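Please arrange chains G and Z on chain F, whose structure you already have, making use of the hints.
Protein chains in written order, with our numbering: chain F, 1 to 457; chain G, 458 to 801; chain Z, 802 to 1110.
To be clear, the hints were calculated from the coordinates, so they are not data collected in a lab.
Given the structure is predicted, the values throughout are model-derived calculations rather than measurements.
Among the clues, some could well be false.
[Unchecked claim] Think about it this way: if two alpha-carbon atoms lie no more than 20 Å apart in a straight line, the pair counts; the simulated SDA-like pairs of lysine to any residue are: (1) Z:K1024 <-> G:G776; (2) Z:K1024 <-> G:G599; (3) F:K184 <-> F:A393; (4) F:K184 <-> F:L205; (5) Z:K1024 <-> G:S618.
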Amino acid sequence: MSARPPLLTLSHISHHFGAAPVLDDVSLAVRAGEVHALLGENGAGKTTLMRIATGAIAARDGSVAREAPVAMVHQHFTSIPAFTVAENLALAAGWPHGGPRGRDRAAELIARIGLPLDPTARVDGLSVQLRQRLEIAQALATSARVLLLDEPTAVLAPREVAELLSLVRRLAAEGAAIVLISHKLAEVLEVADTVTVLRAGRVTLHGPMAGQTATSLSEAMIGGAMPPREVTLPAPGGGEPLVRLGPPLVADAPLVLHAGDVVGIAAIEGNGQRDLLRAIAGHRALAGVEVEGTTGLVPEDRGLEGLIGGFTLTENLLLAEVRDGPAWLGWGALEERTATLLTRWDVRGGTPRSAARALSGGNQQKFILGRTLGQAPDVVVAEDPTRGLDVAATAEVHARLRTAAAEGACVVVHASDLDEVRSLATRLLVMHEGVVRELPRDTPRASVGDAMLGLPA
Amino acid sequence: MNTTVVSRRAAVPDLVLTLGAFLLGLALLLAFLSVAGFDAAAGLAALWRGAFGSRYALLSATLVPAAPLLLLGLAFALAARAGALNIGMEGQFAMGAIGATWVGLAVGGWSPLLAIPAVLAAGLVAGAAWIVVPVVLRWRFGVTEVISTLLLNFVAEAAVSWAVTGPLQEASRSYPQSDPIAMSARLPRLLPPDRVHLGFVVALAIAAVLWVILARHRLGFVWRAVGASPRAATVTGRLPVERVAATVLLLSGALAGLGGAIEVSGVSAALYQNLSPGYGFTAIAVALLGRLHPAGIVVAAILFGALQAGAGAMQRDAGIPAVAVHVVQAVVILVMLLATRRRG
Amino acid sequence: MSDDAILIGFGAATVRVATPLLLAALGETVSERGGVLNLGIEGAMLGGALGAAVGAAQGSAVVGLALAVAAGLVAALLLAAVSVWGRADQIIAGTAVTLAAVGVTGLVAQRTFGSAGAGLELATLQPVEVPLLGAIPVVGPVLFRQSLLTYLGYLLIPLTWWLLYRTRFGLELRASGEAPTSARAAGVAVRWRRTAGALLGGALAGLGGASLVLAQVGTFTEKMTAGRGFIAIAIVVLGRWHPGGVALAALLFGAATALQYLVQASGHGGVPWQLLLALPYLLALVALASAVGRARAPAGLARDDQEES
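Excised from the complex, chain F in its bound form (with noise of 0.2 Å):
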């Protein structure tokens, strides 16, 4: 295999945004029919090496040498959900229109990749697992030999990680080049041939796949023993009963959240836990669904559901409790309670006057944190709080949530990441197709995504 020369080298690239540098002397190299890891932690310099190597934007030094088309598969998907599939595809191929000629060749396309995809559906109505399908049918369709995947099992259950892993080897096993972008060790110990790990923008392990152990990927990652994954918190059931789910919401007996529970949930997007999760904040009306006490919620959407951008810090401390406060405003005290917000939540980068998008989004969530928490709801929810947040961010935002329910509330948090959600939870529920039901916090790994799924543990 080694015989085969690359089709994508990235030599010595450093870059820096403003005086931070990003990436300190970075070469890789992948060949046809390789799958190569690049790991590290949020912040360690992934996306901008990739972003070089697709060419949206110019190392400051450093060679790219391209010898075939790369291209790059989002996290977010790209496609036009009004658009069929066949349309998407032409519009990513550069072929002349969507029309029958683009079917067609759609079809065609779809058969050579062994994609279960219909070239005439609307993409609004494909599922997750299909949606990242055809992200990687138009990184296909461009002709590329050279896909970059970044972080492609984040939104699929386990099962389907699996068949994803699957359709990587086979189009390695075509002649592809593949970079796949994770920080999840299991998956690419089991698929990937050769591995890069950057940490903070440097190099910290290069090399074949075979003989790494997660020990020593982690390692290379965090810099030392890999943290503690599991933490211990007080056995769950011993506060007061704060949140009951029943049925048609449950099968059988119905859930009681209790405070002092650090409640997490687990599911594929588009289950309805969206929706479970504004009806336990009181946000929406859901049949089953009872809370007593008071709620507070950390909306998945930072930027355009719990923050107003161009306001200042204190009208957004306003906002959360202008529907219930005084008539008339008093900014003076509000500009105080904000300041003090700030330094017990430890915000940095803003003053109580500084509008909301001049912070960045570790302390915007921070800022949301203190000012949901702060008014000590009984029941808090939290929706993939730790999103884009590097990992001291996502470290404190675990603390703060701990902290919330070890002085009292019951905290409910959904994550993309299943395993942020075992980590952090001390009571598992899994929700598939708008039922919900609790699984033993040490269930494996492997048995929660069957459940995802729906499938009997």
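Here is chains G and Z on its own, set in the frame of chain F:
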């Protein structure tokens, strides 16, 4: 809309931008007039004479149209602050005028202390009533208020035409206009014989009230939050976004209707066709020039009042059609949109 | 008049008055598919009407049509410059474009035709009978004894469809209107596509204005388009952003307007004529209420191309 939310601390909006945009609009109009072969210098001179050239020009010409422009500008800004676009002010103004005339004809025996409030209330109610259909269409069917308010302008025009040739036509039934409204229903002049009337003070008072509400009251904050981000207002603020939008649209319609009422009660004393020379659209320029801030809108309304007054003089003295002022309005709107658009 | 003659007269009038609406609405369909809601379409039509009148006053309908297209293009270019490239709010910018058109056409008309503009009488495009088709009973005189601009409208229905669904340009245009971010990721020059869509829309709106002057009223007056551009926008919604649907919706509005002639012809007194005048606008409101919910606007319509939807 993309217009930057003016910080609550910015008591006086950037006057340099306001004046600059206005002067640029004027300059482009003059350039266009020259190219088109009109006597631009004579036009400018007439414009100045008509707007600020004398005590009469200021107090009997400029400040007279400034009053409805101020009310309509506030009407637009109020809705725009909350993310709704009322482009039907021309129609609400017309309906306010019909309502005011109808009541004004009927209150002959009343004291002015009752008759005038009754006439103004009729304008408020008629204006709000005229926007009920767009509000319902938006709320129940998701139809954007932009098109529905716009279409109703033409229906209102037909309604005025019907009123002045039908139920409200003057006694002799020969002219398309109403009889004069009762003397007791007419707004008094502030500085007789100059024509500026109490309606201007009413409009100023409403601007002050709105200013306080926007800066200090829960309601104003709720409006701004709904306008800045309906999603964050719904999720984080748990605010009833659609109900807020409906409320501001009704208030906006009411203010525009009040504009029609003060025009009848303070200026025309009767209902005519084409009572408004496009105030409903000029007011969009007024609101944007004032950066959706009540204080700024007062300044902008006087500037556009001057332009309206000057345009009359321009047509009389220099033979330049009064519609030319629309060019200035358009330039002002476009410049203000570009200058205050959201960046990023 | 016999009932048949009245019916044929009504049908022919429907198609005649639907023509400006059809042309403008097809143009607006293209523009909106690209994500540009053009409230300046009213101004583009008005500019087209004036252009046609100026050309016709010099004795040339062809020059008139060229001027009409040019005027529509200028109006659309202004909107595209400010809202697509300048990223300003499309709705307010479009309103400003219409205001500018009212002012400019008023000035130019005054300059060209003098204050006696009201008495202006222009040669109109006479109806041309299509051989064979024009001889079909009822259908012939209704559909095929019309001006050339109406036939252009007929042709543009399939052409617009072909452009949107069978060309690379149409695919990229629709992508720019649905999901500008994704379109850009696929290498589409979103702003250029949007600009092109808006310009096509402007040109057709200009032609629509021209047909109002040349094939309908034969004169130019200030603000003579009287909201037809805004009705065209409602037609696009009712026609579900699809050329075929738009054509049918345009006919419906043509019929609502032509009803005035029918009522006059059949001598129904009692109904205030202002009600008939208001009918198309009221119909547009009903159409919007009934169409929304069934149809879906392009997801990026009236949104900035950087905005997340």
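Outcome of the hint check:
A hinted pair counts as satisfied when its Cα atoms are at most 20 Å apart, and K1024 of chain Z with G776 of chain G qualifies at roughly 19 Å. Taking the CA atoms of K1024 of chain Z and G599 of chain G, the gap is near 30 Å; set against the 20 Å cutoff, the hint is violated. The hinted pair formed by K184 of chain F and A393 of chain F meets the criterion: a straight-line CA distance of about 19 Å does not exceed 20 Å. Taken as a hint, the K184 of chain F and L205 of chain F pair is honoured in the structure, with Cα atoms around 16 Å apart against an allowance of 20 Å.
About 17 Å separates the Cα atoms of K1024 of chain Z and S618 of chain G, which keeps this hinted pair within 20 Å; it holds.
Checked against the numbered hints above, the structure violates only hint 2.
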